[in-house]
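Q: Position chains V, G and X relative to chain C; hints supplied.
Here's the letter readout for the chains.
Protein chains: 4
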Amino acid sequence: MKKSISIIGASGYSGAELLRLLLHHPQTTVNHLFAHSSAGKSVDTLYPRFRSTPVGGILFEEFHIDKIVDDDLIFIALPSGEAMTYVPALIEAGKRIIDLGGDFRLQDIQAYRQYHKREHNAASYINHAVYGLPEWNAGRIAAAQLIANPGCYATGALLPLLPLVTSGLVESNGITISSQSGVSGAGRSASVELSFTEVNETVRAYRIGTHQHTPEIETVINQFGASGTTVTFVPHLIPITRGIYSTMFAQLRNGTTKEEISRALSTRYSQSPFVRLLGEGIPEIKNVQHTNYIDIGWQIYDRNHQVIVTSVIDNLIKGAAGQAIQNMNLMCGFKETEGLL
Amino acid sequence: MKKSISIIGASGYSGAELLRLLLHHPQTTVNHLFAHSSAGKSVDTLYPRFRSTPVGGILFEEFHIDKIVDDDLIFIALPSGEAMTYVPALIEAGKRIIDLGGDFRLQDIQAYRQYHKREHNAASYINHAVYGLPEWNAGRIAAAQLIANPGCYATGALLPLLPLVTSGLVESNGITISSQSGVSGAGRSASVELSFTEVNETVRAYRIGTHQHTPEIETVINQFGASGTTVTFVPHLIPITRGIYSTMFAQLRNGTTKEEISRALSTRYSQSPFVRLLGEGIPEIKNVQHTNYIDIGWQIYDRNHQVIVTSVIDNLIKGAAGQAIQNMNLMCGFKETEGLL
Amino acid sequence: MKKSISIIGASGYSGAELLRLLLHHPQTTVNHLFAHSSAGKSVDTLYPRFRSTPVGGILFEEFHIDKIVDDDLIFIALPSGEAMTYVPALIEAGKRIIDLGGDFRLQDIQAYRQYHKREHNAASYINHAVYGLPEWNAGRIAAAQLIANPGCYATGALLPLLPLVTSGLVESNGITISSQSGVSGAGRSASVELSFTEVNETVRAYRIGTHQHTPEIETVINQFGASGTTVTFVPHLIPITRGIYSTMFAQLRNGTTKEEISRALSTRYSQSPFVRLLGEGIPEIKNVQHTNYIDIGWQIYDRNHQVIVTSVIDNLIKGAAGQAIQNMNLMCGFKETEGLL
Amino acid sequence: MKKSISIIGASGYSGAELLRLLLHHPQTTVNHLFAHSSAGKSVDTLYPRFRSTPVGGILFEEFHIDKIVDDDLIFIALPSGEAMTYVPALIEAGKRIIDLGGDFRLQDIQAYRQYHKREHNAASYINHAVYGLPEWNAGRIAAAQLIANPGCYATGALLPLLPLVTSGLVESNGITISSQSGVSGAGRSASVELSFTEVNETVRAYRIGTHQHTPEIETVINQFGASGTTVTFVPHLIPITRGIYSTMFAQLRNGTTKEEISRALSTRYSQSPFVRLLGEGIPEIKNVQHTNYIDIGWQIYDRNHQVIVTSVIDNLIKGAAGQAIQNMNLMCGFKETEGLL
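Chains as they are written, first to last, in our numbering: chain C, 1 to 341; chain V, 1 to 341; chain G, 1 to 341; chain X, 1 to 341.
Only chain C is shown next, with the shape it has when bound in the complex (with noise of 0.2 Å):
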């Protein structure tokens, strides 16, 4: 029987793409789409692209926690900050919840108040959520009553670094990390700062050392067993809708080898149907774009013992909804890539 699916949040970039992919998933029904600023619109007056699909004429509505009782999952597609106000209803109404926010990744609401500049006020069900990336976490997240869906950023120096950084083949201390992310990451808003006279044909770095997916990366490596790391990271907007690429640079123990780099990332990823490893290639965003996929390439720079290590995704899928559903997926017990080949 198909798994019953409501989106709260339903009418931004990550909820319409979350749309998107459940239209072609075979064990999903959608049943309905919260969206407070739309709603009594329907999804084709928002994104007219939908015309003529199954969910082009479903209507964007209030939420209300009664209409959801009979669902098995709900994706929460909503900016930072929202999403913990409908969180503890949820649980306690015994839901499956998968957060795509970032209001239950980070476990120290120190941390969060610093990065996120808000106070956390459901800090109680932070310890219920489980980091959802699925290379890592697959056993966690398909027991688990609420994932928190990484950041686009963080998923995307993660997969990359995890297996160099617990396998002890790098200095987990002092890892940079420079990123390059398109417009639709930050979401759909109205801005000048967004506009298209403002962003195209320029570029922008922001929040130098102070974004909010630095804690989270450094949380979730900490986490995997290399404790005490940290990062730098840089994100710059760049014109391009779709895509993150990010370029890493760590130290070298000595002695580590090309051939261990490999190894330890081929072996973590033997079973991984999404990680697609380049070796020495160079990724590149058009590769990845509207897929699962993230592409990671390295390349050992002998002149100053580091390992430059690149890679890229969708920012909305691997970064966002796709991600999103393969924990779906491992939580419904469905095959890791239903839906998204």
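Read the hints as simulated data drawn from the structure, not as lab findings. Any given hint might turn out to be false.
The list makes no distinction among identical chains, and a pair is therefore deemed to hold if it is satisfied within one copy or across any two copies.
Said to hold, decoys possible - The calculated lysine-lysine pairs, modelled on BS3-like cross-linking and capped at a C-alpha distance of 27 Å, are:
(1) LYS41 - LYS335
(2) LYS2 - LYS117
(3) LYS335 - LYS2
(4) LYS117 - LYS41
(5) LYS95 - LYS2
(6) LYS117 - LYS258
(7) LYS67 - LYS3
(8) LYS3 - LYS95
(9) LYS335 - LYS258
(10) LYS335 - LYS117
(11) LYS3 - LYS41
(12) LYS67 - LYS95
A: Below, chains V, G and X alone, put in the same frame as chain C:
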């Protein structure tokens, strides 16, 4: 002695472009920059590219009529509908004005109401206005107190079409204009519709048959002698920052030859420094970006007894600030090209 | 049993898109991929996005007729002028063929010579060809041996125009079409003119009145009953990767109403799964990218007794590979939408 | 009296930008434009934006040494590897030369061979060359016969880094540079890899650790006193036309404060008209496009004892033609900013 200039609405894209051009104009000094929503901020806060230039540190201010008492000329670079609240007092104060918006381009207030969807509240001042198309109106511009600077689309359409219709070489009825504009034409504003993610990698037509430059084009053609002219005009928004491409179709009058078309254009514009005639060459937007030129090409399409005319301008320069400076040059007795080459 | 498919010219953009679509088509298997200049390379060398998919490791090969002896259907995705060297032998071998190029679209070899600037060297095979516009030719397509898959611009123009001209609601003479195409329409080729730096942030019209889709559009309109039709067609190259926007202008016959226009379109396409009629809604390219849909909008412009029709397609899908699959579905008795939704 | 200038390799992007700048330089006249592949064509055939300017009608010519006998200064704007075939004869003829390519930037011909993959065939002339970074080498530039104009990436990295490493505030080893360049940096050339369809909406790193600007950066840092410096440099190609964004990471020496960093930069560049120091402000490419400015920002990242430095330039101006004019100004005793503001 240098002319003293102030700008009302200086913080938008046309205002900033005016400022850039005035920086290099040897016979003017910038006095005040008025911008209500940015009052108190410096020019280089809003537009960091002006850092370390002479105008970078100027503060935007609230407008007050006393501040411009010594100015020789006032530019108004506000959205249509706002200039009409300033113009009466400026006229009464004896100031010369160049309005880059649409409030004084249409003589017919009914048409103004229909296309702008608002009432005109300074109707008695419309007849003070001279339409600021220098290639056609230089004499009246030189003597004018109030200039209605032409609309961007109107400029791109009128300069190629006027010689053809006024010489009777083409039918003045049923001229069809399909134009494509860069996004800066929509101004500096916060809206989902103009966000990078929504505008990038797509095209959309808008205000089909209802755009306010339709009556502007018709009015001006009629005014220069081809009465009864009607045009069909469809603008499109495309993912570039600056530039307008206009492709126009007109029916040839019986027997009109390619040579007559060419002669009409070359005769008319032999003394016009900013009109470049390409003959059967095809214009490209990149050739006029950041310049005050208009490039015009034409082909006879015998099969349908048409002439196909194409033109390109930079919407912020020949379509706005550059043409305004050109008008100022004529009004002040400067060389027409001063500050614009 | 699955149909065995090979592609001649598999390494270009249309070939790669065919391959992507066939990957998800449940009733076909890909046999050979022929690509002279890339022979010996793997699919994922040229198109790394196919890594780890079933077709990623397939090698491009030199064509030989013996290799396709067991195939049910051959796609030819070569530049115009090349298919005619393959088709005769394939026809004689009894193969069914879908040619995505322009060699078999025009019945008139004089027109072929004039617009393609070359001789047709397989003229006796032209009359085998059926024009592959499924919404208008489904019966003949199902039985055809050789399909001339429509040109991208022609598809975007014909689907909206055919119902209007064949029903006599608009004048069939003097229809004007202004189209804008993404750069992938020019194919995968090395040229300064198509380099990013030359194409970005600009627009240019090209082949004004001389583009080879002009006679294609006229031929097909005449063939479906509106004889004597002539069109004026101007294509423009714009800085997007995929998509075609067509804005079309036709004179209304006396008394034609908006309702008649709407009824002509809705009646004609009530059973057409890939045609979406927007009425006075305005199409946008982004709504059809990566799909086989065409979106069509229309407005009556009374002032000039015109109907203004707009359409959007993805040039590589409904304008090439998707429509080819749609034709294959009809030829093989599959569901028309198989592999395309 | 005006200086007479010729350009060898005038038809590429740097050559065209030189030409545009020289047009507005009051103390020079353009004598010959040499461009082998475009010989016989006019400037405005290749670059229609020069139509109706004083240089539009100049014909590109084949080079001959006799033609430049009266010139005061020769710019060479050829791809690396070609200047070395011209320089010896020019030097012997007593000409002053500014080479915009890479042939005379590296003192070490082994490094030249390794990074450029070719032999240097004018090695004995390398020691004539002065590295043309005006902010650091003005005295030697003024007296030089041969200027090696800095590489675009090198300029964006060296100007921010030199004050920090030479003052001993940061470790000179292990500096990491991640740069993003617009596509014009690859020159005017026909290749599939640089076609719009391949470059648009994507990012790719290239020549990771092997780019020829790596030894250039190291050489210059070593030359100015911080010996033993090694850098890790990763360039990325991004879909914009002009501009380079460089994000750099250096380890702070014990006790280095933000104030010391700021002072080192502001002291060094207090008299440098093209260096704009933003402090904790973050540079954006659009603020320097079409200018000779470099904007530099910096942040202390205490957590990892690093300073993160960001810079932006226009690769064709401060990264090529503009800096070349700046060097010319110094060589000829003109004002440093002449023709550049």
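Q: For a quick check of understanding: which of the numbered hints are violated here, in increasing order?
A: The structure conflicts with hints 1, 2, 9, 10, although it agrees with all the remaining ones.
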